[in-house]
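For reference, the chains in residue letters:
2 protein chains.
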Amino acid sequence: LKQSTGRTAGRLTIIGTGPGDPELLTLKALKAVEQAQAIVAPTGRPNGASSALEIIAQAADISGKQVVEVHFSMQKVRLSGSRHRSVEESWSKAADTVLEFTGQGMNVVFPTIGDPAFYSTAYYLLSTVQERQPGLVTEVIPGISSVGSCSSALKAPLALGDDMLCIIPATFGDDRIRQAIETFDSIALMKVHRCLPRVIRILEEYSLLENAVLVEKCALDGERIFQDIRKAAHEDLHYFSTVIVRKQRMGTAGRFIVPGTGDRNGRNVDER
Amino acid sequence: LKQSTGRTAGRLTIIGTGPGDPELLTLKALKAVEQAQAIVAPTGRPNGASSALEIIAQAADISGKQVVEVHFSMQKVRLSGSRHRSVEESWSKAADTVLEFTGQGMNVVFPTIGDPAFYSTAYYLLSTVQERQPGLVTEVIPGISSVGSCSSALKAPLALGDDMLCIIPATFGDDRIRQAIETFDSIALMKVHRCLPRVIRILEEYSLLENAVLVEKCALDGERIFQDIRKAAHEDLHYFSTVIVRKQRMGTAGRFIVPGTGDRNGRNVDER
Numbered sequence: 121l122k123q124s125t126g127r128t129a130g131r132l133t134i135i136g137t138g139p140g141d142p143e144l145l146t147l148k149a150l151k152a153v154e155q156a157q158a159i160v161a162p163t164g165r166p167n168g169a170s171s172a173l174e175i176i177a178q179a180a181d182i183s184g185k186q187v188v189e190v191h192f193s194m195q196k197v198r199l200s201g202s203r204h205r206s207v208e209e210s211w212s213k214a215a216d217t218v219l220e221f222t223g224q225g226m227n228v229v230f231p232t233i234g235d236p237a238f239y240s241t242a243y244y245l246l247s248t249v250q251e252r253q254p255g256l257v258t259e260v261i262p263g264i265s266s267v268g269s270c271s272s273a274l275k276a277p278l279a280l281g282d283d284m285l286c287i288i289p290a291t292f293g294d295d296r297i298r299q300a301i302e303t304f305d306s307i308a309l310m311k312v313h314r315c316l317p318r319v320i321r322i323l324e325e326y327s328l329l330e331n332a333v334l335v336e337k338c339a340l341d342g343e344r345i346f347q348d349i350r351k352a353a354h355e356d357l358h359y360f361s362t363v364i365v366r367k368q369r370m371g372t373a374g375r376f377i378v379p380g381t382g383d384r385n386g387r388n389v390d391e392r
Numbered sequence: 121l122k123q124s125t126g127r128t129a130g131r132l133t134i135i136g137t138g139p140g141d142p143e144l145l146t147l148k149a150l151k152a153v154e155q156a157q158a159i160v161a162p163t164g165r166p167n168g169a170s171s172a173l174e175i176i177a178q179a180a181d182i183s184g185k186q187v188v189e190v191h192f193s194m195q196k197v198r199l200s201g202s203r204h205r206s207v208e209e210s211w212s213k214a215a216d217t218v219l220e221f222t223g224q225g226m227n228v229v230f231p232t233i234g235d236p237a238f239y240s241t242a243y244y245l246l247s248t249v250q251e252r253q254p255g256l257v258t259e260v261i262p263g264i265s266s267v268g269s270c271s272s273a274l275k276a277p278l279a280l281g282d283d284m285l286c287i288i289p290a291t292f293g294d295d296r297i298r299q300a301i302e303t304f305d306s307i308a309l310m311k312v313h314r315c316l317p318r319v320i321r322i323l324e325e326y327s328l329l330e331n332a333v334l335v336e337k338c339a340l341d342g343e344r345i346f347q348d349i350r351k352a353a354h355e356d357l358h359y360f361s362t363v364i365v366r367k368q369r370m371g372t373a374g375r376f377i378v379p380g381t382g383d384r385n386g387r388n389v390d391e392r
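Residue numbers (my numbering), protein chains in the order written: chain F, 121 to 392; chain U, 121 to 392.
Quick caveat, the hints were computed from the structure, so don't treat them as lab data.
No more than 30 Å apart at the CA atoms, straight line, and that leaves these computed lysine-lysine pairs for DSS-like:
#, chain 1, residue 1, chain 2, residue 2
1, F, K367, F, K337
2, U, K311, F, K367
3, F, K367, F, K311
4, U, K311, U, K367
5, F, K185, F, K151
6, U, K148, F, K151
7, U, K213, U, K148
8, U, K351, U, K337
9, F, K213, U, K367
10, U, K311, U, K213
11, U, K151, F, K151
12, U, K337, F, K151
13, F, K351, F, K367
14, F, K367, U, K367
15, F, K367, U, K213
16, U, K367, F, K311
17, U, K337, U, K367
18, U, K311, U, K148
19, U, K148, F, K311
20, F, K337, U, K151
21, U, K151, F, K185
22, F, K185, F, K337
23, U, K185, U, K148
24, U, K148, U, K337
25, U, K148, F, K185
26, F, K311, F, K337
27, U, K311, U, K351
28, F, K213, F, K185
29, U, K185, U, K151
30, U, K185, F, K151
31, U, K185, U, K337
32, F, K151, F, K213
33, F, K337, U, K148
Let the sequences and hints guide you as you build the complete structure.
Right under this line is the structure:
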């Protein structure tokens, strides 16, 4: 914990926890948790539990560590526009907490669901911490992405051969979604829980409904796979819902999923 | 190893090994290796060593397990077109080997670099195996993707807020790359090792050179980060080279990387 200057200082390590199954943590992330004295974890609701914290608590003994949960506003953030005040306050509060711990020589872990590379609030925190204390030692450990995990659950690739792949939030306007569908071979639409009927309508226009599949709560208890995404239209879907569309299909069978494989436990999908 | 029918049968588990650092294996992948009696691993060259095998051998004791390396032709595969004969033969041979082991009741692991979701040959193998033996129990365990790992090394997100992200092989034609650049906020160009001058020329057209960064051999010995990708143009780049372009930049500093962070070890990039 001593730097070469002799000054005691902790470090901030951002870790991707993967989509939910604690076994999908990396060895490196687990080690970072074990070597940390403090954990600062994000929650989506003011008094809700942190999913990211729950994942690491299932894989490591976190008793004896300082644990602080910080509420991050789910306000939509447009980087090119102005930030909502409650968003700024979330980052500011989380940064305060992190720097208080590192100032005491503690190593801090900030866990974030999935892979920090994809739409993680962790980078807002990192940016804020770096602005306040540029010399702080920081590290980012990648995690299993939600789209990668969906692909594994389906036992089907997101992209293969000469596919062009895009990953976009389904909350985008119709025109941008149409543009993605027209340009790309493989499209992952994240966060479809509130706009599935619209996505279904657009996919119907392109006769791509049969090339689409929906994975809800991938790698979490209650995971569901809808090979006919219309069947999910009237369900109360979880926030972690992803639609994957592939124009090209591998093998000879005209189905998205490799024939005969079913879901991750060998069961056929749509049959649970 | 007994199925409910009483028949002895092994299973095939495809695991993503992550980009190279054995610590980036997941707990689940490590467990699969430990519980396997046989490993069938892909090599890119006829007599070359398997990178995927090397990664798992650093994390687990594989002595005492059957290990077979199978050469997978690197011939470009177009799913919509006909397959090259040597490609078909690779899959066929690998499938034979897998089914021979599972037929003897062995659990087989097939390791693949990165995340199987992204352009992995493992799906050609899975498809072939499933065609021959539809009832075989199979599982796919996701891995840390090379693009996710690059993002972590840079301590910068691939996508944030309302970014639209695409992942494409840089070997595509100029028109498709231009189309991706025009449509998307964030573009990951994989396998740029042989076409970097062309990529630089296209990015120059859009004045996006300063928004681009190149990561070579991410999470492997000899990892290099080129924040000025022009400096990499005359290098003999490794196959694992990725250019990431982001139009929007986070924070106030006009740089791709979060200011003051440097590379994964806290050093500034371009300074090694």
